[in-house]
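J.: Taken in order, these protein sequences are the chains called S and W. Per this note's numbering, the very first residue in the first sequence carries number 1; after that it's consecutive. Per this note's numbering, the very first residue in the second sequence carries number 1; after that it's consecutive.
These are computed hints drawn from the structure, not numbers from a lab. Each hint should be verified, as a subset may be incorrect.
Chain copies aren't distinguished; within one or between two, either way the pair holds.
Think about it this way: if two alpha-carbon atoms lie no more than 25 Å apart in a straight line, the pair counts; the simulated SDA-like pairs of lysine to any residue are [unchecked claim]: (1) LYS185 - ASP34; (2) LYS109 - ARG63; (3) LYS212 - THR99; (4) LYS212 - GLN246; (5) LYS185 - GLU213; (6) LYS185 - THR38; (7) LYS185 - CYS77; (8) LYS185 - THR7; (9) LYS185 - THR37; (10) LYS185 - ALA79; (11) LYS233 - ARG63; (12) LYS185 - GLY268; (13) LYS212 - GLY102; (14) LYS141 - GLU66; (15) LYS109 - ARG178; (16) LYS185 - GLU36; (17) LYS141 - GLY268; (18) LYS141 - GLU228; (19) LYS141 - GLN158; (20) LYS185 - GLN196; (21) LYS109 - VAL145.
Remember, predicted model here, so these are calculated numbers, not experimental data.
2 protein chains.
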Amino acid sequence: MTCHMTTRAERAQLAMMLEVCAFPKPGNVDRCHDFETTRLEHFLASTIYARPALEEAETGQGRIGEIIRHAVSATNCHAGGNTHFGAFILLIPLVYGGTIAGAIQAIEKTDVSDAVAFYRAFSETTVRMPARDELDVNDPKSLQVLRDRDMTLLDVMQHSARNDMIAREWVTGFPLTRRGADLLKTSGSGRGAIVQAFLALLASEPDTFIIKEHGVDVAQRVVVRAREVLDGKVPIETFDAECIGQGINPGSIADIMIAALYIALGEGWEWDF
Amino acid sequence: MTCHMTTRAERAQLAMMLEVCAFPKPGNVDRCHDFETTRLEHFLASTIYARPALEEAETGQGRIGEIIRHAVSATNCHAGGNTHFGAFILLIPLVYGGTIAGAIQAIEKTDVSDAVAFYRAFSETTVRMPARDELDVNDPKSLQVLRDRDMTLLDVMQHSARNDMIAREWVTGFPLTRRGADLLKTSGSGRGAIVQAFLALLASEPDTFIIKEHGVDVAQRVVVRAREVLDGKVPIETFDAECIGQGINPGSIADIMIAALYIALGEGWEWDF
Chain S
1 MTCHMTTRAE RAQLAMMLEV CAFPKPGNVD RCHDFETTRL EHFLASTIYA
51 RPALEEAETG QGRIGEIIRH AVSATNCHAG GNTHFGAFIL LIPLVYGGTI
101 AGAIQAIEKT DVSDAVAFYR AFSETTVRMP ARDELDVNDP KSLQVLRDRD
151 MTLLDVMQHS ARNDMIAREW VTGFPLTRRG ADLLKTSGSG RGAIVQAFLA
201 LLASEPDTFI IKEHGVDVAQ RVVVRAREVL DGKVPIETFD AECIGQGINP
251 GSIADIMIAA LYIALGEGWE WDF
Chain W
1 MTCHMTTRAE RAQLAMMLEV CAFPKPGNVD RCHDFETTRL EHFLASTIYA
51 RPALEEAETG QGRIGEIIRH AVSATNCHAG GNTHFGAFIL LIPLVYGGTI
101 AGAIQAIEKT DVSDAVAFYR AFSETTVRMP ARDELDVNDP KSLQVLRDRD
151 MTLLDVMQHS ARNDMIAREW VTGFPLTRRG ADLLKTSGSG RGAIVQAFLA
201 LLASEPDTFI IKEHGVDVAQ RVVVRAREVL DGKVPIETFD AECIGQGINP
251 GSIADIMIAA LYIALGEGWE WDF
């Protein structure tokens, strides 16, 4: 049974809620696992606090960069740190445009004001950038560089796409979001399908958040290990314990999973098995 | 860290979220335990879907009976059944009035239209009434009786107060809600305080939902057992397993706990330890 009156904002909130509740999700906060300072409740509080920004996006009015900043500000008011920055980068244009095609249209219309608002949002988070990036968010000169070059938010994502799979989704038309939604739809319904789709995404691309934290070799090993779980060679619980033990957190693929859940829910996928 | 801009509706949503995530909560759905057809995700989906009705209550406009009906309708659109009917009976006047004093004022102003709307909401749920109640919600004649006697919603609660501790909260000025909020504040912060306060409420009054399902003797035994847990004589995990094994679900005290969390959050209690 699915609510016929579900709004886009509610679907985005459901996506955030369903992603964090699914288990076991190797290395991530899930129903059965907290990080020391970021817990299930923080993710769910962010899900609640995000509503006004998601509703703002749903109107299809206003500027995407500014709406992302509103979402980040609204969800920064708990001690769990940044829970959904990457997810908002994907969700806000998707909710704004309604679909992937609509999101692509919307992000093509971003301008330098979106880029500046986004950098302001970024600087409110503790998310790391690659060392010595010429557009480092922690360097106040970056805003001037954005303005001097008249960079749009899409240009900023282009700049980051090589090292960041979330930015790459913007630049390449949300292919992993699309794949995640399709994986959900072919994996049945509910919690089990989320875990299946998450594993399949993990097995297909190295998570750039893991690359930033642990380097490319560790990220590649996670891809191989996820494939072994999918092939039934390794129990998922073993893989989960390995990731947790080594502090390996596939945070970017989790963000893409949220975007995939949003799309799948809009296409009739059933969370409520 | 608490968000300074948290609205009443958000506090009510946080209360619903925090209550269901706390564990172990003997006999109830919690982070570590689902019922067969009602799962953690259903409670959290209701938390999301309840937002418009809670915002309606926050305006302090409109009629309480109708707003309760809106909350029930909005959260009925998943397969988990009724998750928060009792909680809404308490939360809607509390959010409407802002405080317990404000809620008491608001419920004194209810009239027969609130009673009728409430009965309509009730009939959308699967909540049971005592056998052969002359105001049975499943009997279409009840609406006529309400109108003939010009009963207010407060009169309806008076009628139910002997057998229902949620109705009793309306009639007696929310004493258990108040006690629950005080227990939270004296039990520290976060998840542990919720479990402590829940146990203390369980140890103080028989849960009328348990009485309806299993009779007064079982409900009294739960009171004794909760006291033994508080006194360190029985591990909470044992008590939880007993409740789950016997299908004992202290659902009304869980509803009161949500109301208590709402009040405590408004008084500065910290969920975010």
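J.: Next step is simple, just say for each hint if it's right about the structure.
T.: These are the hints, each one checked on the structure:
1. Within a single copy, LYS185 and ASP34 get their C-alpha atoms only as close as 28 Å, which misses the 25 Å cut-off; across copies the closest is 24 Å, which meets it.
2. In this assembly of identical chains, LYS109 and ARG63 lie within 25 Å of each other by CA distance solely inside one copy; the values are 9 Å within and 44 Å between copies.
3. In this assembly of identical chains, LYS212 and THR99 lie within 25 Å of each other by CA distance neither inside one copy nor across copies; the values are 30 Å within and 48 Å between.
4. Taking CA atoms no more than 25 Å apart as the test, LYS212 paired with GLN246 passes inside one copy only; the shortest distance there is 15 Å, against 50 Å between copies.
5. Taking the shortest Cα distances, LYS185 and GLU213 never come within 25 Å of each other, neither inside one copy (31 Å) nor across copies (39 Å).
6. Taking the closest pair of Cα atoms, LYS185 and THR38 come within 25 Å of each other only across two copies (23 Å); inside a single copy the shortest separation is 30 Å, beyond that limit.
7. When the C-alpha separation of LYS185 and CYS77 is checked against a cutoff of 25 Å, the pair qualifies only between copies, where the shortest distance is 21 Å, while the shortest distance within a copy is 35 Å.
8. In this assembly of identical chains, the alpha carbons of LYS185 and THR7 lie at most 25 Å apart only when taken from the same copy (20 Å versus 36 Å across copies).
9. Taking the closest pair of Cα atoms, LYS185 and THR37 come within 25 Å of each other only across two copies (22 Å); inside a single copy the shortest separation is 33 Å, beyond that limit.
10. Taking the shortest Cα distances, LYS185 and ALA79 sit within 25 Å of each other only across copies (19 Å), while inside one copy they are farther apart (35 Å).
11. Proximity of LYS233 and ARG63 under a CA criterion of 25 Å is satisfied in neither setting, with 47 Å inside one chain copy and 59 Å between copies.
12. Taking the shortest alpha-carbon separations for LYS185 and GLY268, only the intra-copy value of 9 Å comes in at or below 25 Å, while the best inter-copy value is 44 Å.
13. In this assembly of identical chains, the alpha carbons of LYS212 and GLY102 never lie at most 25 Å apart, being 30 Å within a copy and 52 Å across copies at closest.
14. Taking identical chains as interchangeable, the C-alpha atoms of LYS141 and GLU66 lie at most 25 Å apart only when both belong to the same chain, with a minimum of 20 Å there against 55 Å between chains.
15. In the homo-oligomer, the alpha carbons of LYS109 and ARG178 lie at most 25 Å apart inside one protomer (21 Å), although the nearest pairing across protomers, at 52 Å, exceeds that limit.
16. In the homo-oligomer, the alpha carbons of LYS185 and GLU36 lie at most 25 Å apart only across protomers (23 Å), although the nearest pairing inside one protomer, at 33 Å, exceeds that limit.
17. In this assembly of identical chains, the alpha carbons of LYS141 and GLY268 never lie at most 25 Å apart, being 46 Å within a copy and 40 Å across copies at closest.
18. When the C-alpha separation of LYS141 and GLU228 is checked against a cutoff of 25 Å, the pair qualifies neither within a copy, at 46 Å, nor between copies, at 63 Å.
19. In this homomeric assembly, LYS141 and GLN158 come within 25 Å of each other (Cα to Cα) only inside a single copy, at 19 Å, whereas the closest approach across copies is 67 Å.
20. In this assembly of identical chains, the alpha carbons of LYS185 and GLN196 lie at most 25 Å apart only when taken from the same copy (11 Å versus 42 Å across copies).
21. Taking the shortest Cα distances, LYS109 and VAL145 sit within 25 Å of each other inside one copy (20 Å), while across copies they are farther apart (61 Å).
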